[in-house]
Amino acid sequence: MTPDLARAQEPGRDHDHQVVPSDPTLRVKALESLLVAKGIVDPAALDALVDTYEHKVGPRNGARVVARAWVDSAYKQRLLANSTAAIAELGYGGEEGEVMLVVENTAKVHNLVVCTLCSCYPWPVLGLPPVWYKSAAYRSRSVIDPRGVLGEFGLKLPDDVTVRVWDSTAQVRYLVLPERPPGTENMSESDLAGLVTRDAMVGVAKVSVRPQGNHV
Amino acid sequence: MNGIHDMGGMQDMGSVRPEKNEPVFHAEWERRVFALDSALDETNRYEKELIPPADYLRMSYYEKWLTSLIETLKKTGLATSAEIESGKAVGGIIPGRHVLSVAEVAAMIVPPPEANVPITAVPRFRVEQRVRARNINPMGHTRLPRYLRGKLGTIERMWGVESPWDRDTEGRRVDNKPQPVYSVRFTARELWGEQANPRDSVYVDLWETYLEPA
Chain A
18 MTPDLARAQE PGRDHDHQVV PSDPTLRVKA LESLLVAKGI VDPAALDALV
68 DTYEHKVGPR NGARVVARAW VDSAYKQRLL ANSTAAIAEL GYGGEEGEVM
118 LVVENTAKVH NLVVCTLCSC YPWPVLGLPP VWYKSAAYRS RSVIDPRGVL
168 GEFGLKLPDD VTVRVWDSTA QVRYLVLPER PPGTENMSES DLAGLVTRDA
218 MVGVAKVSVR PQGNHV
Chain B
12 MNGIHDMGGM QDMGSVRPEK NEPVFHAEWE RRVFALDSAL DETNRYEKEL
62 IPPADYLRMS YYEKWLTSLI ETLKKTGLAT SAEIESGKAV GGIIPGRHVL
112 SVAEVAAMIV PPPEANVPIT AVPRFRVEQR VRARNINPMG HTRLPRYLRG
162 KLGTIERMWG VESPWDRDTE GRRVDNKPQP VYSVRFTARE LWGEQANPRD
212 SVYVDLWETY LEPA
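Those sequence lines, one after another, are chains A and B.
Once you know that position 64 of the first sequence is 81 in the working numbering, the rest is easy, because the numbers rise by one and skip nothing.
Once you know that position 37 of the second sequence is 48 in the working numbering, the rest is easy, because the numbers rise by one and skip nothing.
I should point out that these hints are in silico values taken from the structure, not numbers from a laboratory.
Just to be clear, a hint being listed does not mean it is correct.
Said to hold, decoys possible - Each computed BS3-like pair below joins lysine-lysine, with the alpha-carbon atoms no more than 25 Å apart: (1) A:K46 <-> B:K85; (2) B:K31 <-> A:K173; (3) A:K151 <-> A:K73; (4) A:K93 <-> A:K125; (5) A:K46 <-> B:K86.
What the hints assert, rightly or not - Non-contacting residues of chain A with respect to chain B, defined by C-beta distances greater than 10 Å in every case (computed): (6) Y92; (7) E121; (8) G211.
Stated by the list, open to error - Which bits of chain B does chain A cover? Going by a derived footprint, with three or more residues having C-beta under 8 Å, they are: (9) 95–108; (10) 149–163; (11) 190–202.
Idealized CB from N, CA, C, for every residue including glycine.
Using the sequences provided together with the hints, build the complete structure.
Laid out in structure tokens, this is it:
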């Protein structure tokens, strides 16, 4: 193991970013100036891209899809039968969500989404992926040891629950429809949406009545 | 290419460590790299796969984006190494190139009208048919992960028709002929042997050319 790899695996490292060298700030500034001067990027469009994926698109969209499916059984049927169209009903779609498949968790089936080759992720409903989703540990082990990976997220599945892992290798992007937690029968659709976490929609967590608040 | 990026099934990458309250971006330069790369829309995934393995594992995600963006600019002739180092354009404005606009960014998150893509190819396989993932080892870019090659699976559904995204070592698409893409189910036992839970499966979307009859 190289010293750098050993360093990257030290306990207490929260995420991969601590191994970034210090110069990207200057390099990227120079690159942007260059491409603007060449007239091949519009700085206003760059700002719009950042604003869109930092503020306008994110897991709140997916949470609204999930909550609607929980309260409206006809919508849920459409969502499972033609996911892309049902998601578009709520106004979500576009880049990295051109073909969607929603997979339903039940008491006996648990779904988990990964992209072993890189970072494919359903942008319109979840936004950009978190660092752990793009990490070597998650990408490599989700397919061979999904139950072990789920255990690292604090989710222990009984042996008699079927695990389905979805490896996003082509154009299809996946969203997990989590189980509606018990004790939520009287909650409104918007309150239900407030319970739904990103992690539950990737399949590494369940939805609980009191969300932990750690993972968006 | 049998590269480090194709890591499905490896076991020595440590544990998954989610970051609490993770922001979308961790630094301003990450925002700008994301935007520059998305706006130019020139970088293909193969360019990231060409990053040497030790660097690939060490780099953060957006550092890989920055590296592949720079390589792409050089290869496409959009910028020279000297220009990238200095940040100063030598040749002036590059004419005749489409420049992504603010309006086009707004359209990126709007669902397009439902496309009714005609099925222009006769599917070779039917749902529930047993298939084997071919044993191919191309040097370019492929979407057939190593852990599936030679393994038996079952066609679960057909997604439609699209040209494969495979590329040769020059980054050129290798097959522009549209062909069916299938969702194929592989049991965990088939992939990983007796240690796997017999109930578990991995579902993977595969182009027809990756498959042969079992």
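Results of checking the hints against the structure:
no.: 1; hint: A:K46 <-> B:K85; result: holds, 17 Å
no.: 2; hint: B:K31 <-> A:K173; result: holds, 20 Å
no.: 3; hint: A:K151 <-> A:K73; result: holds, 21 Å
no.: 4; hint: A:K93 <-> A:K125; result: holds, 18 Å
no.: 5; hint: A:K46 <-> B:K86; result: holds, 21 Å
no.: 6; hint: Y92; result: holds, 16 Å
no.: 7; hint: E121; result: holds, 14 Å
no.: 8; hint: G211; result: holds, 16 Å
no.: 9; hint: 95–108; result: holds (count 12)
no.: 10; hint: 149–163; result: holds (count 4)
no.: 11; hint: 190–202; result: holds (count 4)
Going down the numbered hints, you'll see the structure goes against none, and every one checks out.
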